[in-house]
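Protein chains: 2
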Amino acid sequence: MNFMLKDENAIYYECGYSCDNALYLRLGKEAFFITDSRYTIDAQEHVRGAQVVIERDLYTKAAQILKKAKVKKVIFDPKEWSVAGFEVLISKTKVHFKPEPDFSHKKRIIKRDEELQIIAKAAKLGAKAFKAFAKEIGKEGFGKDEFALTYMAKGALSGYGKYDISFDPIVAINGNAAKPHATPTKKRLKEGDLLLVDAGLKYKRYCSDRTRTVFAEKGFVFKSKQTFGKKKIQKAYDTVLKAHDNAIAKARSGMKAKEVDALTRDLIEKAGFGKYYVHSTGHGVGLDIHEMPYIASKSETVIEDSMVFTIEPGIYIPGEFGIRIEDMVAMVDGRAKVL
Amino acid sequence: MNFMLKDENAIYYECGYSCDNALYLRLGKEAFFITDSRYTIDAQEHVRGAQVVIERDLYTKAAQILKKAKVKKVIFDPKEWSVAGFEVLISKTKVHFKPEPDFSHKKRIIKRDEELQIIAKAAKLGAKAFKAFAKEIGKEGFGKDEFALTYMAKGALSGYGKYDISFDPIVAINGNAAKPHATPTKKRLKEGDLLLVDAGLKYKRYCSDRTRTVFAEKGFVFKSKQTFGKKKIQKAYDTVLKAHDNAIAKARSGMKAKEVDALTRDLIEKAGFGKYYVHSTGHGVGLDIHEMPYIASKSETVIEDSMVFTIEPGIYIPGEFGIRIEDMVAMVDGRAKVL
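Here the protein sequences come in this chain order: A and B.
Heads up: the first sequence is residues 6 to 344, going by this note's numbering.
Heads up: the second sequence is residues 6 to 344, going by this note's numbering.
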């Protein structure tokens, strides 16, 4: 099989190294990692199973290699390639480029044992970071705004510089938590607020992802049992937690992703919050923070052992509050194991 | 003129708002900002001079609008568009899409007064962050490794959470500074080391960019006069500083960018360091950290008033040390004014 990759994580998956300007060609048994001279030393040291080629214009070089190899058909993912780069290949070769959306993501949906170990470690470090963050908030977080709290979260997640983070953490108070993709505001945290934190870090390039919603009071921790002052919030919280626990307890290899989605959705709908559950149950996690499988109400994907994904039901009441509880699970021996 | 944009900053420039999933169409006097429902509220509040359209599939919606408007020709930048997205437009319309590389960057090369003010403020905040970072290093930076120092730099640059940063800061000691795009190592800072810091922040989405190289001792500041223990380093440093100052003093509107480049390059070559000056003199700065004009040895671009770019000559001796001094300038009344 011949294929070509442009996405940084897709390339890393094939050869154990990547950078922000690289192109990967697999032509039968041969493979080529093309990058520019800034990355010569690192590429030569880390790329496995591919020839390192240094060239300023990656696309023209790729066209040369394709012509020389006389290949007829090459698979590519049209989401990964810019019109400009692809145009160079089209104009300089007579290869039949076969579009295959999500080509690399499909390859990566079942995790190898080594990947499962790395992801489990990432998840552990992520959980540890939440503990550290709670402690810091208890010490000096009350009175600070969401910008400052987000900055604080980044510190804890990164191990104060040791790790990259998987995405800009969401740290949202009360009404702002009602936006699933909340960005920071100048709202300040006070005791008795609802606080939602959605955050992750990267360990050996693999992502962690975790969300907790808490009743913020001095000395709080990010545990799943939470007691809120208001009944409506408590009911929503307990519903989300039940939906979350239900999906983790009952997800099985062999189910369709939409059946797993129903394990959270049905409970939330029955509790009367259906229209406030505005997203899917979860998504795969690996080198990318969002990858396959997608645990969505229309997904026919069959869940299998060694898939890794999130379970993250939520209820969002505009202007009032938002609740989400998220864990990563790996499918092991037919069941969901929380990482 | 009709054009379409996909790049986040290109879109922001047209309508004062953008997000990570948007598509912008300008069709004669009409304009459309298409995004998904996550951004409805923000888009409706902030988009200027364009109709906000909410739709899950941006490309199909754009095709519908193009068909309805019966336009014949639309300009686009092929670097901005994925093959997958562009394919939707090609297959669903009969429009002639005219590729124009760097379409938005070309529009943005001359800064408006309002932009100049914002960029000047970004540069000032950037300089202030360098001061704060030097102070922090003096207090607790010696003995820390480049990962921890980079984390510290991010703190100072972001105003501890108030600002985004323009790019991952480079904080490199001695030999590691010889890589123009150095990434952190476990090398620890000790007194008497050479320390290179290249960093910037964003103010109202516009970037700052600044580099200083210093002899690190207790109480150091990021000033341009520096005294190093070793003669070779001192000679290289003084050469870079002279080249930097020469370009700022002699750059004029009306010159070609390659002539400005020569103002740093000739001096460094004459001092015998030519082969260690491995990059261009500078690059434009604005919404993107790298934009037009490029101050490079082959660039025929004519420098004009209200352009903003960096002057950042460097000397890199592999395995030994690297030196770079970088400031942002705006062309004002024919001359380069340091921001």
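Don't take every hint at face value.
Repeated chains share a single entry, so a pair holds when one copy, or any two copies, can fit it.
Claimed, not checked - Taking lysine-lysine pairs in the DSS-like style, the calculated list, with each CA pair at most 25 Å apart, reads: (1) K195 with K73; (2) K140 with K275; (3) K66 with K303; (4) K255 with K280; (5) K223 with K112; (6) K235 with K72.
Hint data in this document are derived by calculation from the structure and do not stem from the laboratory.
Quick caveat: nothing in here was measured; it's all calculated off a predicted structure.
Legend entry - In rising order, the numbers of the hints this structure does not comply with: As far as the earlier hints go, 1, 2, 5, 6 are violated by this structure, in ascending order.
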